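Sequence lines, in order, name chains V and L.
Read in the numbering used here, the first sequence has 41 at position 41, and its numbers run on one by one without any break.
Read in the numbering used here, the second sequence has 275 at position 275, and its numbers run on one by one without any break.
Read the hints as simulated data drawn from the structure, not as lab findings.
Note that the coordinates shown come from a computational prediction; the quantities given were computed from them, not determined experimentally.
We put the CB at the ideal spot given by N, CA and C, even for glycine.
Be careful, since some hints might not be right.
[To be verified] Ranges of calculated distance between the beta carbons of each label pair, as one might list FRET restraints:
id: 1; chain 1: V; residue 1: Met1; chain 2: L; residue 2: Gly78; range: 44 to 54 Å
id: 2; chain 1: V; residue 1: Gly96; chain 2: L; residue 2: Asp310; range: 39 to 49 Å
id: 3; chain 1: L; residue 1: Gln90; chain 2: V; residue 2: Pro63; range: 53 to 63 Å
id: 4; chain 1: V; residue 1: Asp95; chain 2: L; residue 2: Pro37; range: 27 to 37 Å
[What the hints assert, rightly or not] Once the Cα atoms are required to be at most 20 Å apart in a straight line, the calculated EDC-like pairs of lysine to aspartate or glutamate come out as:
id: 5; chain 1: L; residue 1: Lys79; chain 2: L; residue 2: Asp133
id: 6; chain 1: L; residue 1: Lys359; chain 2: L; residue 2: Asp384
id: 7; chain 1: L; residue 1: Lys329; chain 2: V; residue 2: Glu69
id: 8; chain 1: L; residue 1: Lys329; chain 2: V; residue 2: Glu65
id: 9; chain 1: L; residue 1: Lys373; chain 2: V; residue 2: Glu73
[Unchecked claim] Simulated coverage check for chain L against chain V, where a stretch passes if three residues somewhere in it have a Cβ under 8 Å from a Cβ of chain V:
id: 10; segment: 250-257
id: 11; segment: 291-299
As a plain string of letters, each chain reads:
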Amino acid sequence: MPKIVFTEPGGGRREIEAPLGITLMEAARQHGVQGVVAQCGGACACATCHVYVDPAWLARLEPREEMEEAMLETAWEPRDNSRLSCQIHITADLDGMPVTVPQRQGQG
Amino acid sequence: MISTILIIGGGQAGAQAIDTLRREGFAGRLVLIGDEPELPYQRPPLSKKYLSGEMAADRLPFRHRAFYDEHRVELKLGKRAVRLDAAARQVTLADGENLTYDRLLLCLGAESRRLNCPGATLPGVHYLRGLIDVPPIQAGLKPQARIVIIGGGYIGLEAAATARKMGCEVTVLEMADRLMNRVVAPSVSRYFAEEHRAHGVNIICDTRVVHLAGQGRIERVVCADGGSHAADLVIVGVGAIATTELASAAGLACDNGIVVDEYCRTGDAAIYAAGDCTNHPSLHFGRRVRLESVDNAFEQAKAAALNLMDRSVAHDRVPWFWSDQFDNKLLIVGLSQDHDGQVLRGDPASRSFSVCYLKGRELLAVEAVNHSKDYMAARKLIADRTLLNVDKLADSAIALKEAI
């Protein structure tokens with residue numbers, strides 16, 4: 001099972017096992033990774049599962065779609081490597097991917 | 001000293017309260033009582049991807065069991081609280097167990113409004129609220145099966161879209177003159193009616209169901225206008241009622257929900273409530289509301305958890321809602337009831353538009369159809385009470401956030 005390495009808002013490091021076929025948000029939430037709020041549960045309706053993906057790994061992800069772009073625009077401190085974790089599907093080649101959770105979720 | 005907090009109800013609100021209590025430092029005994037046997041899980045997929053089978057059951061729970069163990073949460077699942085003795089600060093479960101508390105949080109949710117016309121209890125007539133409701137519905141959603149949906153609200157229409165995608169012949173019967181009439185503008189109703197019809201759903205408004213007929217099982221749905229609709233399976237989605245029996249029997253004030261203040265307090269100093277079961281003040285909109293919403297359950301439970309620990313935090317949020325039907329996403333933010341003006345942004349024919357509700361120049365609510373940008377901008381503009389430029393607002397070429 002791929003492992004994802006989260007850095008939580010407090011600076012804590014959490015390595016979790018993420019089953020194939022679910023989303024990064026679901027894996028984080030089930031394990032209780034701090035700061036991945038994911039209020040809408042993956043409907044792309046709240047932008048509270050915002051994460052920063054290690055730039056070296058971005059190319060392995062499907063690019064952002066228009067809806068995700070629109071949601072991220074008003075997220076708290078969006079960056080070039082910002083993603084909504086509900087839009088990232090776990091695949092084998094994400095094993096070891098470092099992901100940082102922002103200090104806050106919601107609007108900036 | 002608050003040493004024991006009891007939460008009754010394992011839905012969105014109960015699960016969130018646990019999370020907030022532990023993350024914010026409550027170190028005492030924490031007990032979650034839920035009448036469903038499953039770990040707290042998400043309900044929205046039940047009418048969408050879980051119903052269609054696209055989403056596996058193990059994706060529904062908010063957290064793994066290990067999370068509750070790690071955070072020392074005593075889970076009493078599949079147990080029903082049958083009595084609340086507020087004076088003794090004691091809750092009795094159906095199996096006879098008594099639990100005492102220092103603080104109690106009621107997250108009782110809501111239950112489906114039932115039909116009471118003749119034939120309403122025939123086999124094959126279903127409601128969709130919890131996981132237990134799904135398998136018998138799923139078993140009937142076969143290609144060409146004739147599915148009649150009573151009620152053209154969120155759940156009815158989401159179920160209609162799902163059933164249609166699974167190849168069923170679907171009819172939706174709505175009593176009002178348009179779909180989702182209590183929650184969206186006529187232009188949005190019209191858009192969704194057209195979308196459903198384009199996908200082959202038979203939408204019939206202005207019709208009142210008077211009889212569910214069948215020999216030992218549902219066969220037809222009969223309406224007051226004489227319409228008779230052949231049905232292999234019926235799904236009823238005619239609204240929900242706050243679950244309040246436990247609270248009202250304990251003497252707590254209930255009026256379309258358990259009455260709480262902005263700190264989620266009931267009239268009993270040790271008892272709080274959050275989520276769909278509450279009648280609470282919306283500070284932003286200046287009136288009392290009862291909301292059936294994931295967002296409200298989440299935010300109100302968060303506030304309740306902090307107040308349970310005597311950290312005074314008012315629940316003061318602008319609510320939002322969403323619905324997925326076919327490939328359309330409806331996003332709603334705010335409450336439109338007191339508006340005195342309405343502005344349509346964009347052309348419904350483009351499949352992406354929004355309806356903005358104004359009071360004077362203040363934005364009260366936005367219904368966005370496939371328009372996440374307007375929705376996200378509106379969340380901020382409404383919360384901040386930003387005054388808008390109505391001419392700019394009507395020009396959909398100008399971003400909503402710039403219409404000031």
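Hints the structure fails to honour: 1 and 10
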